[in-house]
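J.: With the sequences and hints as input, model every part of the structure.
Protein chains in written order, with my numbering: chain L, 1 to 204; chain B, 1 to 200.
Treat each hint with caution, since some may be false.
Covered stretches of chain L (in silico footprint by chain B; criterion: 3 or more residues with CB under 8 Å from a CB of chain B, positions within the stretch not fixed) [unchecked claim]:
#1 6-12
#2 100-106
#3 162-170
#4 177-189
Keep in mind that the hints were calculated from the coordinates and are not lab data. As the structure is a prediction and not an experimental result, all values here were calculated from the model. Beta carbons: idealized from backbone N, C-alpha and C, even for Gly.
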Amino acid sequence: MSLQATTSQTVGPYFQIGLARFYIDDLTGPGVSGDAIEIAGRVFDGDGQPVPDGVIEIWQADAQGKYAHPEFLEELESIQKNDAPAKEHIDALRRLGAFRGFRRVPTQADGLFRFKTIKPGRVPAPDGTLQAPHIDVSVFTRGLLRRLVTRIYFPDEPSNVEDFALKLVEAGRRHTLIAKKSRDGWLEWNVALQGKDETVFFDS
Amino acid sequence: MYLPHTLSEVTGPSFDSSAIDVKASDLTRQHHGEPLGERIIVSGRVLDEDGRPAAHTLIEVWQANAAGRYRHNVDQHNAPLDPNFEGSGHTLSDEHGNFKFITIRPGAYPWRNHYNAWRPAHIHFSVFGPAFATRLITQMYFPGDALLPFDPIFNCTTEEKARNRLISLFDWETTLCEQALGYRFDMILSRRDSTPWEKS
Chain L
1 MSLQATTSQT VGPYFQIGLA RFYIDDLTGP GVSGDAIEIA GRVFDGDGQP
51 VPDGVIEIWQ ADAQGKYAHP EFLEELESIQ KNDAPAKEHI DALRRLGAFR
101 GFRRVPTQAD GLFRFKTIKP GRVPAPDGTL QAPHIDVSVF TRGLLRRLVT
151 RIYFPDEPSN VEDFALKLVE AGRRHTLIAK KSRDGWLEWN VALQGKDETV
201 FFDS
Chain B
1 MYLPHTLSEV TGPSFDSSAI DVKASDLTRQ HHGEPLGERI IVSGRVLDED
51 GRPAAHTLIE VWQANAAGRY RHNVDQHNAP LDPNFEGSGH TLSDEHGNFK
101 FITIRPGAYP WRNHYNAWRP AHIHFSVFGP AFATRLITQM YFPGDALLPF
151 DPIFNCTTEE KARNRLISLF DWETTLCEQA LGYRFDMILS RRDSTPWEKS
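T.: Right under this line is the structure:
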């Protein structure tokens, strides 16, 4: 059986009333290991104007490169049930419910968004290599028929040069996916919806 | 540009039942009084393109009230707010992908896109499904709505069949005698590439 996927429609201007309950900007804290980081940036439209009514969602692995994904955890369990350290890690993830890898934050009047997280570990790529640490991002705003999908990579990360996804991107545009270190230690990563420095967006 | 799915795209967030407010799927019972308008029951299934259910997945909805007004500070339409209606709710699908909301049929509302622009009645739906790749936000419409042919947003979906699948179906099976009309709205999530735990 093959069904046709339901088509996407814009979130419109009033998504706040529907999506605010699951705004999650910080899940660092006791029991979540890894380097805590804060990522902030702004969403701009094609004229360079801030987008005050967008919403950003992220999905990422934990510091050990494990996704808090139910099927993945079960598979890990069945493969590695005799591997005590792996089992311990899985149990820890379960117990936590803690590091779930998801955040959702709205943009503010000046297009600004920010969230706290931990730097993710490396996860496998389809070609058998390891991907550089990255965060998957969805951007929703009024006027967009469907979400935009992109990624955040980290500055000063040697594995960026061999990353499966970054290698697919034209060299001159890769910088749009890599956060910049600010003086105060947080990371800056902006989204340009259109224009000459448009962020790289992926179809998938 | 095209990015083949990696582990990052074939996995996705899940939400524990402890995060869910069980009362949030009945939008008519969020206040002491009852909201004005026509009570409806919107139910359906969330499936993938192979017909497999998306179990225990988070579904969020938001909508205007019966008068066509959103409870949002940007909405300046001069229709009344309803003190007994928030217009938002959420639920988890069950193990077969089934979900159900009880709500009020939303009114049409003017949106100033062009002269005399009115949006047909609609409910916004947000669904996660099993993976980052399956994330979907869409809108559900009502059968027979005279505004549908004129709505630029509904008609953004250029393929007629795909567009018409955004229109819910009136459903006697879920219509409750002297209570509420039933509408069915199934959502089909896009495909994710084969997942590491299915390759064996």
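J.: Confirm or reject each hint.
T.: Here is what the structure says about each hint:
no.: 1; hint: 6-12; result: holds (count 7)
no.: 2; hint: 100-106; result: holds (count 3)
no.: 3; hint: 162-170; result: holds (count 4)
no.: 4; hint: 177-189; result: violated (count 0)
The structure does not agree with numbered hint 4 stated previously, though it agrees with all others.
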